[in-house]
Every structure is written in structure tokens, then in C-alpha cells.
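Chemist: Each chain, letter by letter, is given below.
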Amino acid sequence: MMETQIPVVDYLVLGEHPHLVAHECRECGARFFDRRNACASCGKNSFHDVDVATDGEVTTFTIVYAAAPGIAVPFVAAVVDCDGTAVRGNIVGTEPDPEHVHTGMKVQLTTVPVGTDAAGTEAIGFAFRPWEDAR
Amino acid sequence: MSDDVWILGINMTKFGKHPDKDMVDLASEAALAALSDAGVTMKDIGVLAAGNMMVGGNVGQLIQKQIGQTGIPVFNVQNACATGATALRTAIMAIKAGECDMGLAVGVEKIAGAGLLGGGGKSKSDKSDTWTPKGRFGAVTSVDGRIGTTTMPGVFAQVGMEYDHKYGGATFDLFARISEKNHANSTLNPLAAYTKALSKEEIMADVMIAYPNTRPMCSANCDGAAAAVVVSGEKLKTLDPDQRRRAVKVSASILTSDPYEPGCQILPDVNTLTRLAATAAYEQSGVSPSDLDLVELHDCFATAELVHYDNLMLCDPGEAVAFFESGATTRDGRQPVNVSGGLESKGHPIAATGIANIWEVCQHLRDEAGPRQIEGAKVGLAHVIGLGSACGVHILEAAH
Numbered sequence: 437m438m439e440t441q442i443p444v445v446d447y448l449v450l451g452e453h454p455h456l457v458a459h460e461c462r463e464c465g466a467r468f469f470d471r472r473n474a475c476a477s478c479g480k481n482s483f484h485d486v487d488v489a490t491d492g493e494v495t496t497f498t499i500v501y502a503a504a505p506g507i508a509v510p511f512v513a514a515v516v517d518c519d520g521t522a523v524r525g526n527i528v529g530t531e532p533d534p535e536h537v538h539t540g541m542k543v544q545l546t547t548v549p550v551g552t553d554a555a556g557t558e559a560i561g562f563a564f565r566p567w568e569d570a571r
Numbered sequence: 034m035s036d037d038v039w040i041l042g043i044n045m046t047k048f049g050k051h052p053d054k055d056m057v058d059l060a061s062e063a064a065l066a067a068l069s070d071a072g073v074t075m076k077d078i079g080v081l082a083a084g085n086m087m088v089g090g091n092v093g094q095l096i097q098k099q100i101g102q103t104g105i106p107v108f109n110v111q112n113a114c115a116t117g118a119t120a121l122r123t124a125i126m127a128i129k130a131g132e133c134d135m136g137l138a139v140g141v142e143k144i145a146g147a148g149l150l151g152g153g154g155k156s157k158s159d160k161s162d163t164w165t166p167k168g169r170f171g172a173v174t175s176v177d178g179r180i181g182t183t184t185m186p187g188v189f190a191q192v193g194m195e196y197d198h199k200y201g202g203a204t205f206d207l208f209a210r211i212s213e214k215n216h217a218n219s220t221l222n223p224l225a226a227y228t229k230a231l232s233k234e235e236i237m238a239d240v241m242i243a244y245p246n247t248r249p250m251c252s253a254n255c256d257g258a259a260a261a262v263v264v265s266g267e268k269l270k271t272l273d274p275d276q277r278r279r280a281v282k283v284s285a286s287i288l289t290s291d292p293y294e295p296g297c298q299i300l301p302d303v304n305t306l307t308r309l310a311a312t313a314a315y316e317q318s319g320v321s322p323s324d325l326d327l328v329e330l331h332d333c334f335a336t337a338e339l340v341h342y343d344n345l346m347l348c349d350p351g352e353a354v355a356f357f358e359s360g361a362t363t364r365d366g367r368q369p370v371n372v373s374g375g376l377e378s379k380g381h382p383i384a385a386t387g388i389a390n391i392w393e394v395c396q397h398l399r400d401e402a403g404p405r406q407i408e409g410a411k412v413g414l415a416h417v418i419g420l421g422s423a424c425g426v427h428i429l430e431a432a433h
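Residue numbers (the numbering used here), protein chains in the order written: chain A, 437 to 571; chain B, 34 to 433.
Honestly, the hints are just simulated from the structure, not real lab data. Backbone N, C-alpha and C fix where the C-beta goes; we use that ideal spot for every residue, glycine too. Treat the hints loosely; a few may be bogus.
[What the hints assert, rightly or not] Quick list of simulated restraints, FRET-style, between CB atoms:
1) Pro292/B to Asp470/A: 47 to 53 Å
2) Asn91/B to Asn481/A: 49 to 55 Å
3) His536/A to Arg248/B: 52 to 58 Å
4) Arg248/B to His453/A: 30 to 36 Å
5) Cys478/A to Lys54/B: 47 to 53 Å
[As the list claims (entries may be wrong)] Listed below are the simulated EDC-like cross-link pairs for lysine to aspartate or glutamate, each with C-alpha atoms no more than 16 Å apart in a straight line:
6) Lys199/B to Asp517/A
7) Lys167/B to Asp446/A
8) Lys199/B to Glu493/A
9) Lys50/B to Asp36/B
10) Lys542/A to Glu558/A
11) Lys282/B to Asp326/B
12) Lys167/B to Asp470/A
Kindly produce the complete structure, drawing on both the sequences and the hints.
Modeler: Listed below in C-alpha cells is the structure:
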């Protein structure tokens, strides 16, 4: 039996070109990743889904050494500006130290395995890796 | 009718470990001491506002049952790290609304030995043996650590690194020196949880929690309570000369939440709401940042202290690094910041913090701060921020 996959969050779209999808307010253009009742910026409640750019630039990061059980440390947590949309994600594919990670670095979305459940479904997460290594 | 409000009495317990005292013991200790400091009793109090973050519930009524059940309205408040400031603000509002002429605000926390805070949002599907999307992000498992971090040290580390990205110069070394300053200040504060000076080298070599914050650069989880009695200006005029002399004027009492900014639901924006609160506080009080003789600001992490120099407009926008480098924020500097030792050293019993910082400022304005007195202090500012977010700013002025 071929295993199936499930994205770790519903705003991650898997497939040949994995990417994130945001709910964009039709009125003001504010973007959100969670299920919305209305827009936090303008209060209107009409949204449409938009694809978020997969290339971005790190605007801030931290290297986390204390985390919940089951999370390997250290890891790099960051905020990435994906063509105007801020995205929270880990930085992978580089040493987790301040010599290898810096704000302003160019990164690209990538997928990471999270685990397989009892039914054989594999959860797939996302992260960012240095743009130079992408491809 | 005058609508000014004054601190008549105020107290904080020793911060640290209190294994022999429960939450109500600590809250009652601070409340009774604040009443005593004010020279009044529960019979004089017209409103009680009380807060506890980790347990919550009817903490106000629990306190009443130990120190005096008088039938007055009780407001139990919860606003993350701004809980204490919110309790105080509530009592002040009741006085300004003319509902009563005297109020009591209490904040208490028992978190000595608590570990990492924040990073919640664990999906219920963790208990299931098959991946099932749950919650507003359709997450099949807990995402903290898998999709960035929402733990407090990680969030505030990123707040500091974001400032560095925008303006430059905010290095690990600089953040460690901010922490060094606050730990040095705590050696003069007998109520601080930790009173040990630490060198920059010791701070940088300590256990890394979330780069660039090592353990001593993080606020210290501890037990503690603080309480304040507030009074209307009209009522104060009827009190004894000694009570009037020691009263401290609340020239501004401001509470804000975070307005929408792009990206604020990705990384909390602790800047905009602080800047809004500071702006409103300076306007309400007629005090300008350069008038402040001392500032107690919310250094929940060393990285946070830096950005709040800017947010509270102690320096020009983008100039926080230069402001710190000038030495302005040291005890003998132009504008001392966190002479109490700050949350990194004095400790951070969450709901008590927003009243304890006001207690610190009052000690100086009353000229009662002992060895750590900032000489001639007449005006001070106390700031707290609770993630979620809520920001409290109070500006206080000496009576004399």
C-alpha cells in the first residue's frame, strides 16, 4: 500500500510545488493563515485564498535551546518576509548558530517530514532553507 | 470636581521562593501592608481589583475572606504580564468614575520553579493515533518548535533581533550588558529574588535559552505579590498631613491592546501598543520623556529592554543602541532604567509585576528607597506588557 501524506497545518499545500496559502481580506488585503471570523485589520468578513511566495528574506530569528519534549534542539525559529507576507517557520539546512544564520538572508520554502501515524499517513511540515542550497 | 488620583499606600512582598505561603497568604500580606502604609483599613476601601495569571478565578474574594469581607464590588482581572497594572487601572477607573473615593489593587503569583512559559496551542489530536487536523490552523500535531516558536524566550529574542535587523548594533554582547546592568542594580534591592552581580562574561557563558538570551537574560519565575491603595484627590485633602506628604500622584494611567499591524499575528508586535500607551501617558500627564527621573520598564528579557527604550521614546526612533551605549540608563546615568534590578533579577511573579514596578517608582518619589535611592527623583514611569497583548503605562509624580 502506498502511504498517503497530510500537511501538518491546513495552510500548507503539498504536491509537486509545495506552498502556503493565506486567507486574504477582499477589502484591505490583510493576510491570515488561520480560520477567520472577520478581518482583524478592517472588520470585513470576505476572504479569498491566495498563494504565498515561496522565496523570502529572514527578518528576525532566534536559536532555540529550550523547547517542548520531542522537539530537537537547538533549532532556528524565524520570521520570513515572503514578498510582503510574514511567515513563521524554522530555518533548516544550515548550522543552527549565529555564524550561519543572519537577518536579511534569502531563504526558500521546503518540506520536512514530521512523522507517520498508525494508519500509515505521513505528516509533512514546512520550513525554510538557505536560498543558495535550494533547488 | 478634581479628578486626580493618588497612590496612598503601596507594598510588595519579597520576591523569590515562598514554599511556606500560598497564593492567598502572599496576596494578603501585600494587601494588609499596603493598607497599613496608607493608614486606612478595608472599611475605607470602596472597590477591590485583583489578579492572578496562572490560577485566576475569584482571587479577589479569596483575599477578602482573609482580610475583610465588606461587600464592596470585586473585579477579578487577568491580562497576562499586565495583570497587576490592569488591576490598578481598574481601581483608578472606579475612582475617576466617581463610584468610590478609595480602592485597592492586588496582584499575586506563585511560579517559583516554573519552567518555560508560552508555546501553547497543543493539538488535542496528539492523543489520537491518527493525524487529525484540529483548531484554527488545521494542525495535526503541536506546531511549536516545528513551525517557528511561540515560547516567551523565543518570541522576545526575535523582538530584539528584529530591532537589530532594522537599525543595527544590537549584538549579543550589547544585550548581555543590559542584563549586567540590571543584575548589578539588584544588589541594592533586598526584595529582589536574585541580588548577585553578574559580569557580562558570566552572562554570555551561561545556559543559552533562546539566542541571544541566556538564562540570566530571562525574567526570573518566582513567587510574589504587590498591592496598592489609590485615593481620589478630593478625599486625599481630608486626610492627615503625613498621608498627604507621602502620597504619590498618578499623573497618567494608560492601558492599551495591540492594534492590527501586518505580521502581528506571526510575531507579536510589542512595539506599537507600547508606543501608543507612552504617547497617551505623556499627553495625559503633561510630562515629557526627558522629565523622567527613573523608569521601570518590562525587561522580561534583555532583548525587550532595548526596544522599549525606543517605544517609550526615551531616545529618538532607532537610537536605542546609542542611548544604552551613552550610559544614560545606568543608576548614575541621565535616565536610570530598572534600578530595582528589573524582571531579570528582581523577578517576575507575573500578576504582581504591574504593581511592583509602581512600588519601586514610589519608593524613590517618596525618598524612601534607601541605598538605591535616585536622589531628588520627582517623576517616574512604570511600564508593563503582557503578550496577547496588553500594555500598561503609569506616570507618577511626587507630592512635594
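Chemist: All hints are to be evaluated individually against the structure, with a verdict given for each.
Modeler: Quick rundown of the hints versus the structure:
As the Cβ distance of Pro292/B to Asp470/A is approximately 19 Å, the hint placing it in 47 to 53 Å is violated. In this structure the hint that Asn91/B and Asn481/A lie 49 to 55 Å apart at CB is violated, the actual value being about 36 Å. Distance hint for His536/A and Arg248/B: a CB-CB separation of about 23 Å, inconsistent with the stated range 52 to 58 Å. In this structure, Arg248/B and His453/A break the distance hint of 30 to 36 Å, their C-beta atoms being roughly 42 Å apart.
Here the CB-CB span from Cys478/A to Lys54/B is close to 49 Å, well matched to the stated 47 to 53 Å. Restraint check for Lys199/B and Asp517/A: satisfied, since their Cα atoms lie roughly 13 Å apart, inside the 16 Å limit. With a C-alpha separation of about 9 Å, the suggested pairing of Lys167/B with Asp446/A holds against the 16 Å cut-off. The suggested pairing of Lys199/B with Glu493/A holds, with an alpha-carbon distance near 13 Å, which does not exceed 16 Å.
Taken as a hint, the Lys50/B and Asp36/B pair is broken in the structure, with Cα atoms around 40 Å apart against an allowance of 16 Å. Note on Lys542/A and Glu558/A: the hinted pairing is violated, with a Cα-Cα distance of about 29 Å set against a maximum of 16 Å. This hinted pair checks out: Lys282/B and Asp326/B have alpha carbons roughly 15 Å apart, not beyond 16 Å. Among the hinted pairs, Lys167/B with Asp470/A is consistent with the structure: their alpha-carbon atoms are about 11 Å apart, no more than 16 Å.
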